[in-house]
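Sequences listed follow chains A and B, in order. Mapping of the first sequence onto my numbering: position 95 corresponds to residue 590, and the numbering continues sequentially without gaps. Mapping of the second sequence onto my numbering: position 41 corresponds to residue 46, and the numbering continues sequentially without gaps.
Keep in mind the hints are simulated off the structure, nothing from the lab. Check before you lean on any hint, since a few could be wrong.
Claimed, not checked - The list that follows gives simulated cross-link-like pairs (lysine-lysine, BS3-like), each with its CA atoms no further than 27 Å apart:
# : chain 1 : residue 1 : chain 2 : residue 2
1 : B       : K18       : A       : K587
2 : A       : K587      : B       : K211
3 : B       : K79       : B       : K27
4 : A       : K587      : B       : K27
5 : B       : K18       : B       : K211
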Amino acid sequence: MPASADIVDDPQRVPRGRNGRAPDPFRIGAWVPMREFGEDEPVDFAIVGTGAGGGTLTCRLAELGFSVVGFDAGPWWRPLEDFASDEAHQQKLYWTDDRICDGADPLTA
Amino acid sequence: MNRRFPGHDVLTKRQSPSWNEKTRQVIDARLALQRTPRFLSDEQFQTLGAICDRMVPQPGDRPPVPIAAMIDAKLYENRGDGYRDHRLPPLREAWTLSLTAIEAEARRCCNVGFAQLDAAEQDALLRAMQQGTIRGEWSGMPPAVVFAKRLLLDIVTQYYTHPTAWNEIGFGGPASPRGYVRMGFDRRDPWEAAEAAPGGETAARKANARVG
């Protein structure tokens with residue numbers, strides 16, 4: 496992808512999943528159709544967080560014919576072109592607002 | 006001179022199929038990092054540089070990894086980790102308070118800045134911090150915790166994001182797009198560094214010339 500397209504197509508500033516389409520994870524720069532629902536429209540499922548769990552569940556339910564809305568606060572990355580093969584760079588995958596670790600046996604920190 | 010992985014330099018693979026365009030962009034930017042501070046004051050930056058020199062001493066026969074500048078960039082961009090110990094303030098505050106406290110303690114004990122202490126004095130001060138026996142104004146932060154979970158974490162992490170450090174430990178660098186194929190014990194993919202067995206430097210150097 497040329498550098499000029501990066502500036503316009505920045506998922507951290509402008510949501511990518513809209514206007515009836517979503518990034519195609521298997522083809523550089525391509526799109527796949529995405530069903531959308533109006534704000535007043537009832538749906539079968541609303542899933543908050545589309546990581547490994549929520550994203551998969553959203554997909555399976557939609558494939559089975561349910562109407563599903565998936566919510567995610569993060570950018571919609573394109574796996575083929577948005578990631579360098581580099582550990583430090585890929586920190587951008589994570590939610591990096593402060594979470595406070597406390598207690599007798601904290602999971603991290 | 007890298008005796009353990011002779012001739013290994015991850016950057017020689019930059020234009021090979023081992024790297025893609027995005028990886029080149031990201032690593033190029035890391036190597037082109039500005040060496041003067043944008044977030045820390047000159048004095049804080051000097052203190053930080055002296056701390057880095059003691060925590061990760063670097064050999065004199067190659068350009069050093071600019072650890073202090075990398076940490077300053079992290080602070081400038083306010084790149085948090087996503088978690089923090091409840092006894093510590095946020096990233097920027099933890100660093101500035103620590104550098105100020107270390108500098109003040111150096112002046113209190115020896116009447117010079119931390120960077121002007123000799124190596125043994127610097128080590129003694131850092132050791133006291135690590136053991137929690139250091140004096141001074143720490144704004145409620147336990148010095149041992151800030152040592153382990155801020156100073157050490159950032160200094161070591163930043164060091165090992167640099168290709169020079171990858172060469173030193175024989176890390177092959179970016180694994181994609183090529184990927185790990187030879188998964189068995191003691192197997193090395195063609196793009197990974199060859200380690201010299203004792204007396205086997207020539208063979209390893211020859212193998213590393215073919216790494217791509």
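**OP:** Would you mind confirming whether the straight-line C-alpha gap from A:K587 to B:K211 stays at or under 27 Å?
**Re:** violated, 38 Å
Original post:
Within a Cα-Cα threshold of 27 Å, do B:K18 and A:K587 meet the stated pairing?
Top reply: holds, 25 Å
**OP:** Compare the distance between the alpha carbons of B:K79 and B:K27 with 27 Å, and conclude whether the hinted pair is satisfied.
**Re:** Satisfied, since the Cα-Cα distance of roughly 20 Å is no more than 27 Å.
**OP:** Decide if the proposed pair is consistent with the structure: B:K18 and B:K211, CA atoms, cutoff 27 Å inclusive.
**Re:** Holds. B:K18 to B:K211 sits at ~16 Å (cutoff 27 Å).
Subject >> Proposed proximity, B:K27 with A:K587 (alpha carbon, max 27 Å) >> reply: holds, 14 Å
Checked against the numbered hints above, the structure breaks only hint 2 and satisfies the rest.
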